[in-house]
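The whole structure should be built from the sequences, with the hints applied where relevant.
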Amino acid sequence: MNSPAQLPKVGGRVQIEGRDETFVIVEVDEETQTVSVIPESEVFRRSLDELTPAHPLRSDD
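The opening residue of the sequence shown carries number 1 in full-length UniProt numbering; numbering runs sequentially from there.
One or more hints might be untrue.
[Unchecked claim] SDA-like, lysine to any residue: derived pairs with alpha carbons at most 20 Å apart:
| hint | residue 1 | residue 2 |
| --- | --- | --- |
| 1 | LYS9 | GLN33 |
| 2 | LYS9 | PRO56 |
| 3 | LYS9 | VAL26 |
| 4 | LYS9 | GLU31 |
| 5 | LYS9 | GLU21 |
| 6 | LYS9 | GLU40 |
| 7 | LYS9 | VAL24 |
Since the hints were made in silico from the structure, they are not lab data.
See the structure below:
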């Protein structure tokens with residue numbers, strides 16, 4: 001996967017060499033051509049009605 005056109009999409013399922021489980025792509029960084037993944041077993045679905053915005057962490061300045 002050497003070009004941005006070949007990068008996987010968020011939500012795609014992938015496997016990592018040497019690991020027996022499937023992972024879900026949660027973030028794609030085109031600049032570094034890397035992805036963030038979580039184990040498929042950790043994914044769960046919720047309706048949009050159940051979600052609330054996450055608040056950024058506040059610094060202790």
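- Query: Of the hints stated earlier, which fail here?
  - Reply: 2
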